[in-house]
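Starting from the known structure of chain A, fit chain B onto it as the hints suggest.
Residue numbers (the numbering used here), protein chains in the order written: chain A, 143 to 298; chain B, -10 to 755.
A portion of the hints provided could be inaccurate.
Partial chain B-side listing against chain A, Cβ under 7 Å, derived [what the hints assert, rightly or not]:
#, residue
1, D15
2, V186
3, V640
4, L675
5, S688
No lab work stands behind these hints: they were computed from the structure.
Values in this document were obtained by computation on a predicted structure and should not be read as measured data.
Cβ atoms here follow ideal geometry from the backbone N, Cα and C, with glycine treated the same way.
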Amino acid sequence: MKVTVTVNGSQVAAEVADRTLLVHFLREQAGLTATNVGCDTSSCGACTVLLDGQSVKSCTVLAAQADGCAVQTVEGLASGPDEMHPVQRAFRAEHALQCGFCTPGMVMATVSLLAENASPTEEEVRSALEGNLCRCTGYHNIVRAVLAAASERRPS
Amino acid sequence: MSILGTRVVRTEDPRLLTVGGTYVDDLRLPELAGAARVAFVRSPVAHALITGIDVSAAREAPGVIAVLTAADLTDLGPPPPDDGSGGSEAAPLPLGGPWAEPLLAVDRVRYVGEAVAIVITDDRYQGEDTAELVSVDYEPLLAVVGADAALAGGMLLFPAAESNVAVTGGAPADGAAFGGCDVVVQRTIVNQRLAPVPLEGRAAAAQWADGRLTVWVSTQNAQISRFVLAGVLGLDPGAIRVVAPDVGGGFGAKVGIDRDALVVAWAAKHVGRAMSWTETRSENLVGMTHGRAQRQVVKIGGTRDGRILAYRLEIVQDAGAYPRMGGFLPFLTRLMAAGPYDIPHVEAASSVVVTNTTPIAAYRGAGRPEATAAIERAVDLFAAEIGMDPAEVRRINLVPPGKFPYSSPCGPVYDSGAYTEALDQVLAGAGYQELRAEQALRRERGDVLQLGIGLASYVEITAADAEGGETARLVVHGDGTATVYTGSSAHGQGHHTAWAMLVEAELGIEMANVTVIHGDTDLIPTGIGTYASRSLQLGGVAVHKAAVDVKEQARLIAADMLEASEADLELDTERGAWQVRGDPASSRTWAEVARHAGDDGLAAAVNYTEGQPTFPFGTHLALVEVDTETGKARLLRHVTVDDAGTVVSPVLAEGQRHGGIAQGVAQALLEEMVYDDAGNPLTSTLVDYAAITAAELPSFELLASETPAANPLGAKGIGEAGTIGAAPATQNAVIDAVSYLGVTHIDMPATPERIWAAISGARESQ
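Chain A with its partners taken away, still in its complex shape (with noise of 0.2 Å):
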């Protein structure tokens, strides 16, 4: 079947076999690898996107459910090269990442919980986080940039 997608502001169209899989089209068709499959059972959280906006696990979601949506994946963030979005940089900023894997899926959801809840507390973050896995980091960086990129997204 054919299925069209707007992927990171551009028109993404493709013959696919109907299981594809969003990440897998989003990895093949749109050839944007940043986003990772981590599991086969929608728990790591590794292939996280917004689609129309809401964060998905792009494992869970048919491609055929996302023709004529919108997805915005981690490669779409950045406004440049040296224009990291917020919480890519407080990712940065605090040690939030080391062997990457789960990264993408972490800075997406991230992207989510803060559109959601501008302000979390660190208990909030914890429990938004929960359905992303993260193997290197203890997750103590991870909270802590989240929580950085609300405090510098917030109106001072």
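Same frame as chain A, but now just chain B:
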């Protein structure tokens, strides 16, 4: 001021944060254009004879290029000669002889997940479909699950070996050792089986072209991978290039090259087509090696005033179905059995058994967390028996400051340490007395939520194979930039940042102008890679020494250029320029010096070896709250000293501690690979395997302590310390929370069910 020891952010991160890393499955190289996909057919049963494999239906399926079984493995290299030693723990290598493991199952499967066949298809989804069409006839055998069944020997996994015990080692019990003790406590404890769960599972891609094999593999060790590939495939190492692209975590389970990746490499050559394989998480949880899996008996004795006089540790290591590194791990456990204590008599013995479960290999700590968990539990049991504060028992028995280097009765010589200081620092940092007072108050009030305070003091061994060394080559180019080629291998640790810091510190070439390259055997033919917390103290020192070498070469060249005596020259590391002492106007930049060096440029290669491992140490304190009605334990605080010598990058070192702590807490409270009696894994997805999340952890409280090692950077390893300390501290905290009810022990993971059962059991027996 030197950049070393300062809080530098990572150079790796902008790429990882904006376009993502390039892991094996992300490779979009011309060599892999149109690469076929590999899917594995795996055994669904734990123990069975294979009486037939029918691949005919699979071969007819759409998109199928080939279906291959053990019968096709006719073009491998000759197997290494059997040295006749049978069981051996001389090295962390798989056992040969009767214990040898085939690349694909031949006539018998020994664990759920064992590779039986591969299907090669045009696309990913076709592979999963086609794997279902391979029909394998299994004649089930009784499954051997757990140490007791293995030791009973009623069913043998390897009949030719005539036993399920693959290796034994250590000292027999000395009956007199506990003779002088007022108190002796003995207890069986379980160090459960864990899954490493790197977020990127196993993955490999391979291409055979023009008589040369290129293998991209998610590994901690490209050069070791090449060595293993050469042996298995019967190829000259020069005919193989191994590339480790970005690697999404390893934690010991990606040491070397996994057998399934060897199959992929073989298939690419056999079929003559590039191919690529990325396992699913459900495959990963049964196909990637597991860690830990020891049953331990601890026996500890001493005087009523708190002096420990004797300790014995007996280990049964479950190696899983094939004795890979599992045959070696108890050696490390025995080596570190005495822990950080000055105990007159320590003995340890081990048996390694095979069972019908996933093979065991290294997982963050690899044998040392098991040693620490055993003695830290034993010390708390001893403290409880004599009614003394566990902190006080530790203080009495820790190796005192004046005794370093300290010869452990188990063999190693602990290089440097400040064990009692680490304990006192943690107690002060946590407010130990206040916590005890709060605990007493809650007990007095009969609160439902009770506090537990757990301690673990540890010493561990890092760079255990220090004599194996590590390589570095440093080149300063004519444009003033530098390139580091390191034999060490990063998969999240931040080597690219740390190595660039070392170059900037020594040469004054800014980090931004230093490129670090690792994990490509064409560019770096010799190297060992990353495991056993060896990177900084071997690979980092190699980079440092290469920089020192380059600096001395440059001094001569600059002296020539400035027509000055080399003794009068100095390097201004702030500007990255050479000058005659006190005369900045005479300056020569690195670019100028490198250009003057001629065609060969300015370069140095170092293979740095050390004679001795190093011994990091520390103390962890965990504060947990246990709901005595539901059995649920929650970690409230975790306070640690992890002294790994001089810190080059505090940011990276803290990151290693954080990640390690989380994995240790996960073992204490949540994670376990569970099998039923028939050898079926019950936790083979991330729905069932309780990988720890952000919601189950607090922020950690890290205290600083730096006791230098003897190497040029003063560094010890930091990669595994967090895990080693955190698991027993958290476990001890849970037990401490309910000890007033009469509970003396709860095995890991201390799940709500286990804690509730322990509370109920203790209340019933009162």
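Structure-based check of all given hints:
1. D15: Check passed: Cβ of D15(B) comes within 4 Å of chain A, closer than 7 Å.
2. V186: Status holds, d = 6 Å.
3. V640: It holds, given that the least Cβ distance between V640(B) and chain A is near 5 Å, below 7 Å.
4. L675: Constraint on L675(B) satisfied, holds at 4 Å.
5. S688: holds (6 Å)
Checked against the numbered hints given earlier, the structure satisfies every one of them.
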